[in-house]
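Line by line, the protein sequences are chains A and B.
Take the first sequence: its position 346, counted from the start at 1, is 346 in the numbering used here, and no numbers get skipped.
With the second sequence counted from 1, adding 1000 to any position gets you the numbering used here.
Calculated from the structure, these hints are not laboratory results.
Heads up, the beta-carbon is just placed ideally off N, CA and C, and yes, glycines get one too.
Please note: incorrect hints may appear among the correct ones.
As the list claims (entries may be wrong) - Where chain A lies over chain B, by a calculated footprint (3+ residues, C-beta under 8 Å):
id: 1; segment: 1304 to 1314
id: 2; segment: 1333 to 1341
As the list claims (entries may be wrong) - Cross-link-like lysine to any residue pairs, in silico, SDA-like; alpha carbons within 25 Å at most:
id: 3; chain 1: B; residue 1: 1397; chain 2: A; residue 2: 295
id: 4; chain 1: A; residue 1: 80; chain 2: B; residue 2: 1208
id: 5; chain 1: B; residue 1: 1208; chain 2: A; residue 2: 340
id: 6; chain 1: A; residue 1: 194; chain 2: B; residue 2: 1106
id: 7; chain 1: A; residue 1: 294; chain 2: B; residue 2: 1394
id: 8; chain 1: B; residue 1: 1208; chain 2: A; residue 2: 281
id: 9; chain 1: B; residue 1: 1467; chain 2: B; residue 2: 1439
id: 10; chain 1: A; residue 1: 193; chain 2: B; residue 2: 1308
id: 11; chain 1: B; residue 1: 1463; chain 2: B; residue 2: 1254
id: 12; chain 1: A; residue 1: 193; chain 2: B; residue 2: 1348
id: 13; chain 1: B; residue 1: 1135; chain 2: A; residue 2: 74
id: 14; chain 1: B; residue 1: 1392; chain 2: A; residue 2: 82
id: 15; chain 1: B; residue 1: 1341; chain 2: A; residue 2: 295
id: 16; chain 1: B; residue 1: 1397; chain 2: A; residue 2: 296
id: 17; chain 1: A; residue 1: 119; chain 2: B; residue 2: 1404
id: 18; chain 1: B; residue 1: 1208; chain 2: A; residue 2: 160
id: 19; chain 1: B; residue 1: 1392; chain 2: A; residue 2: 281
id: 20; chain 1: B; residue 1: 1208; chain 2: A; residue 2: 77
id: 21; chain 1: B; residue 1: 1392; chain 2: A; residue 2: 70
id: 22; chain 1: A; residue 1: 80; chain 2: B; residue 2: 1054
id: 23; chain 1: B; residue 1: 1392; chain 2: A; residue 2: 292
id: 24; chain 1: A; residue 1: 194; chain 2: B; residue 2: 1109
id: 25; chain 1: A; residue 1: 134; chain 2: A; residue 2: 160
id: 26; chain 1: B; residue 1: 1135; chain 2: B; residue 2: 1049
id: 27; chain 1: B; residue 1: 1176; chain 2: B; residue 2: 1360
id: 28; chain 1: B; residue 1: 1123; chain 2: B; residue 2: 1072
id: 29; chain 1: B; residue 1: 1256; chain 2: B; residue 2: 1360
id: 30; chain 1: B; residue 1: 1392; chain 2: A; residue 2: 77
To be verified - Sample of chain A residues with no beta-carbon within 12 Å of chain B, all distances over it, derived:
id: 31; residue: 10
id: 32; residue: 28
id: 33; residue: 53
id: 34; residue: 54
id: 35; residue: 73
id: 36; residue: 100
id: 37; residue: 108
id: 38; residue: 132
id: 39; residue: 134
id: 40; residue: 247
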Amino acid sequence: MLIGVLIGLLIGGFIFFLVQRNRNRVLKIEDGWWGTGVPPDGEEDVTIHPFKVTTSNEELEDLYSRIDQTRPVASLEDSKFNYGFNSQYLQTVVSYWRNDFDWRRQVDKLNQYPHFKTKIEGIDIHYLHVKPKKVPEGTTAIPLIMVHGWPGSFYEFYGLIPLLTEPSNPDDLVFEVVCPSIPGYGFSEAPHKKGFDSVCAASIFHKLMKRLGFQQFYAHGGDWGWLVTTNMAQLEPKSVKGLHVNFAPPSKPSLSMVLSIMLGRHFPKLFGFTDMDIQRLYPCMAKLVVESIKESGYMHIQATKPDTVGRGLNDSPVGLAAYILEKFSTWTNCDFRNLADGGLTRKFSLDDLLTNVMIYWLSGCIISSMRFYKENFGKGLNQPHSNNGMAGPGTEHVPLGI
Amino acid sequence: MQRLQLLKETFFGLDAVQQQLVIGTAVAAGGILGYIVHKRRQVQTIPLGEGWWGAGERPLSEDDKIYPFEVQTSDEEIEDLHERIDRTRYTDPLEDSGFQYGFNSTYLKEVVSYWRHKFDWKKQVAVLNKYPHFKTRIEGLDVHFIHVRPPRRENQKVLPLMLVHGWPGSFYEFYKILPLLTENQDGVVFEVICPSIPGYGFSEAPHKQGFDSLAAARVFLTLMERLGFSQFYLQGGDWGSFITTNMAQMKPQCVKGLHLNMFTSRRGFKVLLSLVIGPYFPFLVGLSLEDVRRLFPFFEKNVWNILRETGYFHIQATKPDTAGCGVNDSPVGLVAYILEKFSTWTDLRNSDLADGGLERKFSLDDLFTNVMIYWTTGSMVSSMRFYKENFKSNPEKRVDAKTGIYVPTGLAAFPGELMHCPKSWAQNRYQNIYSYTFMPRGGHFAAFEEPQLLANDLVQFVKKVEKL
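Kindly produce the complete structure, drawing on both the sequences and the hints.
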């Protein structure tokens, strides 16, 4: 009997060891090089250069003359936003852009926070670095990296930054914020080599934080930012004190997830669903499957032919605006498809929306931003990092907030 | 034998009324069975329906005259194009990526340079006008078509034929095959109609929602009727295949024969079974060795390839207005979008080549003429909408998916087509296949790429139907 117990313990211990090993495996990656040609000999230039967003009359005139050259196509009668961005409302937005939008004023707004560029793994990485003006006695500001997604940019965080670096309540925490642009987006240089996926971006951002002197920091991300910051936690769990995401899709459907979808409506407590979860998940087919298919065309084409789909958008500012702003309509609320104006200005101002579009337009980064989809999905969703749990120092996992 | 004896004894043991009841039931059952079998054999058709696609309110009556039409251009049009080309903002491709990320920008610069400096649009317009063009109003839209009569009609059987194009093609794809069909083919010669699908090229785009392949089929049937043809042949690939199939389902009495270079089957148990057993015992499930060669390994050839190549389909079937907006302003964007298909759908291996293998089968003049038809008419967005109109709801539940095709059908299976469909699968839908040919070479744009091969197959099929 004793031998039986011993064997049982051994087998149990072995299984436990295997499971633990899988869970606590840390993601590894080699250094990459994303510049043109071969990496030069010698040390990489690690200086940090201050950067200012600038514009010029030529730039604006080119934009305006292209807008004037637009060949609009009328939307089908009564189709609202169901076929994509409605042509009539597009006229309204473009007219504002052409006649009322003040880009120089927006550039000043962009420059209200200090921008920098530094070369990492062969490409120029752009980022904001916002230090709080006042830090309460005896405390230090908490370092925080915030990563944007597509079709967004660092500009999405401009409303959030003051709330984090200058909280109105003196008892609130104060943060020191770093907002980089993902390579290939906005003012960050685009990789010249194939294979630049979210893990590569995470590795570069780790180097950035180290270069800025942060050994430990918090990370926040949504859309691609979710995946990049998650990868950061997987690469170096000791550096990431906590991870906060506003987008967390399951990467591999597991048995428990499938069961919870099938039975969750009837036995919510069994699967840990709250009322809110039930409301948002069901009816399942309609909400999860059909909706996903309706809204993922862009993802499918960007994950397969990014150079083709982005080609026209880099010449046509109106085409670019329609492509990007359609997302700001439908991803805010998919019912907005039934509105003639796509509900765009219910939650956003045209100035803010167009500033984001201008970042894509002036940097000409639409194609490289789309390539990120192919680099991440091209090999399938079952990447090593999707299997890993997240291990942390002392604790089992990096603390996660969703 | 014993059971028969038992039955006989039981039957004769019953009284008269009961015997009559049994006989009556048996006759009734036989009658019902016979009716069911007969009904299935009877040709089912799909209803014609009706529609009106013009702007605003429908008028009381409509002009049904046929007007001659000529393709035209102007210096302004060409200058505007050149100016836009000059303002293209190129993005460098990733090193060593061939056509894997889409149309390679380095090669794009080369072809665009040809377009800008050597391509002669005025000359191509003259080429387009060598056949007579017409327009006529059907269901509120101006429908464009070319009508080519054979030059020598004496001592020959002249058969009317409609050729329908697809996306991103046009009626121009047929310009190489037209001479082969309208000149003598030892006894058989065709009088050819090539329309433009509404929303494509010179045909007006629908203003109302809902214009799907059934509507296009009805419009084209009306066109043939208006031209005085009561019976005719049909040929199509891509959307043309769907539309001509619908035409054969709506009015089988008018369609003498249907020839397709792209065709699909319904998914079903039979298909699944042949996928599972096919690699090992092909003949058991109706697959030939050539079928096996083209279908397997299934996942790689059919699932991954289809996923890789259908991004455009997905976005056009959901957000056509968004997808088309930019390419309507940027001629280079339009070129990349369209010509990528002429590269990859001709041979999937072309994606590994730095130049996409484009000029191996097509001349730049021909490719750009097709692109110009989309550019000068600004019809890219409306052409994309056709995808959404057809895939808004589940296509498997639409009436045409549940109806068979009973007219004599000829199928030409080209090896470079995106997905191979064996004859046994095609028989799920096409009930009257007269010929099924494994074509030796060629891809999706069969008429454009291999006009002689396609013409040969079409003629041999028609001869079978005509019993020549």
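We went through each hint and held it up to the structure:
Residues of the segment 1304 to 1314 of chain B lying with their CB closer than 8 Å to a CB of chain A number 7, which satisfies the three-residue condition for coverage. A count of 5 residues in the segment 1333 to 1341 of chain B with a Cβ less than 8 Å from any Cβ of chain A is obtained; the coverage claim is therefore met, three being the minimum. Between the alpha carbons of residue 1397 of chain B and residue 295 of chain A the distance comes to roughly 22 Å, so the proposed pair stays at or under 25 Å and holds. Only pairs whose Cα atoms come within 25 Å are accepted, and residue 80 of chain A paired with residue 1208 of chain B is accepted, the gap being roughly 12 Å.
At most 25 Å may separate the alpha-carbon atoms for a hinted pair to count; residue 1208 of chain B and residue 340 of chain A meet this at roughly 16 Å. Between residue 194 of chain A and residue 1106 of chain B the alpha-carbon distance is near 16 Å, which keeps this suggested pair within the 25 Å criterion. For the hint pairing residue 294 of chain A with residue 1394 of chain B, the CA-to-CA distance comes to about 12 Å; that is within 25 Å, so the pair holds. A distance of roughly 34 Å separates the Cα atoms of residue 1208 of chain B and residue 281 of chain A; the hinted pair therefore is violated under the 25 Å criterion.
For the hint linking residue 1467 of chain B to residue 1439 of chain B, the alpha-carbon distance of about 22 Å falls within 25 Å, and the restraint holds. Taking the CA atoms of residue 193 of chain A and residue 1308 of chain B, the gap is about 21 Å. The hint holds against a cut of 25 Å. Distance restraint check for residue 1463 of chain B and residue 1254 of chain B: the Cα-Cα separation of roughly 18 Å lies within the 25 Å cut-off, and the hinted pair is therefore satisfied. Between residue 193 of chain A and residue 1348 of chain B the alpha-carbon distance is near 23 Å, which keeps this suggested pair within the 25 Å criterion.
Restraint check for residue 1135 of chain B and residue 74 of chain A: the C-alpha separation of about 22 Å stays at or below 25 Å, so the hint holds. Between residue 1392 of chain B and residue 82 of chain A the alpha-carbon distance is near 10 Å, which keeps this suggested pair within the 25 Å criterion. Between the alpha carbons of residue 1341 of chain B and residue 295 of chain A the distance comes to roughly 23 Å, so the proposed pair stays at or under 25 Å and holds. Annotation: proposed proximity of residue 1397 of chain B to residue 296 of chain A holds, straight-line Cα distance about 22 Å (limit 25 Å).
Between residue 119 of chain A and residue 1404 of chain B the alpha-carbon distance is near 64 Å, which puts this suggested pair outside the 25 Å criterion. A hinted pair counts as satisfied when its Cα atoms are at most 25 Å apart, and residue 1208 of chain B with residue 160 of chain A does not qualify at roughly 44 Å. Of the pairs offered as hints, the one joining residue 1392 of chain B and residue 281 of chain A holds, with about 23 Å between alpha carbons and a cut-off of 25 Å not exceeded. Between residue 1208 of chain B and residue 77 of chain A, the direct Cα distance comes to roughly 6 Å. Compliance with the 25 Å bound is thereby established for this hinted pair.
Using a Cα cut-off of 25 Å, the hinted pair residue 1392 of chain B and residue 70 of chain A is violated, with the two alpha carbons roughly 28 Å apart. With a C-alpha separation of about 18 Å, the suggested pairing of residue 80 of chain A with residue 1054 of chain B holds against the 25 Å cut-off. This hinted pair checks out: residue 1392 of chain B and residue 292 of chain A have alpha carbons roughly 14 Å apart, not beyond 25 Å. Simply put, residue 194 of chain A and residue 1109 of chain B have alpha-carbon atoms about 21 Å apart, close enough for the 25 Å limit, and the pair holds.
The suggested pairing of residue 134 of chain A with residue 160 of chain A holds, with an alpha-carbon distance near 17 Å, which does not exceed 25 Å. Between residue 1135 of chain B and residue 1049 of chain B the alpha-carbon distance is near 23 Å, which keeps this suggested pair within the 25 Å criterion. Between the alpha carbons of residue 1176 of chain B and residue 1360 of chain B the distance comes to roughly 16 Å, so the proposed pair stays at or under 25 Å and holds. Between the alpha carbons of residue 1123 of chain B and residue 1072 of chain B the distance comes to roughly 11 Å, so the proposed pair stays at or under 25 Å and holds.
Simply put, residue 1256 of chain B and residue 1360 of chain B have alpha-carbon atoms about 36 Å apart, too far for the 25 Å limit, and the pair is violated. The straight-line distance between the Cα atoms of residue 1392 of chain B and residue 77 of chain A is roughly 16 Å, inside the 25 Å bound, and the hint therefore holds. With a least CB separation of 40 Å from chain B, residue 10 of chain A remains clear of the 12 Å interface cut-off, as annotated. Distance to chain B confirms residue 28 of chain A as a non-interface residue, since its nearest Cβ pair spans about 24 Å, more than 12 Å.
Every Cβ of chain B is farther than 12 Å from the Cβ of residue 53 of chain A; the closest lies at roughly 19 Å, confirming the non-interface assignment. The beta carbon of residue 54 of chain A sits about 18 Å from the closest Cβ of chain B, which is more than 12 Å, so the claim that it is off the interface holds. With a cut of 12 Å on Cβ distances, residue 73 of chain A falls inside the contact zone with chain B, its closest approach being about 4 Å. Every CB of chain B lies more than 12 Å from the CB of residue 100 of chain A, the least distance being 21 Å, so the non-interface label holds.
The Cβ of residue 108 of chain A sits about 25 Å from the closest Cβ of chain B, beyond the 12 Å cut-off, so the non-interface label holds. Listed as a non-interface residue, residue 132 of chain A keeps its Cβ farther than 12 Å from every Cβ of chain B; the least gap is roughly 38 Å. Distance check for residue 134 of chain A against chain B: the nearest CB is about 44 Å away, which clears 12 Å, and the non-interface claim stands. The claim that residue 247 of chain A is not at the interface with chain B holds, since no C-beta of that chain comes within 12 Å of its own (minimum 21 Å).
Of the hints listed earlier, those the structure fails to meet are numbers 8, 17, 18, 21, 29, 35, in rising order.
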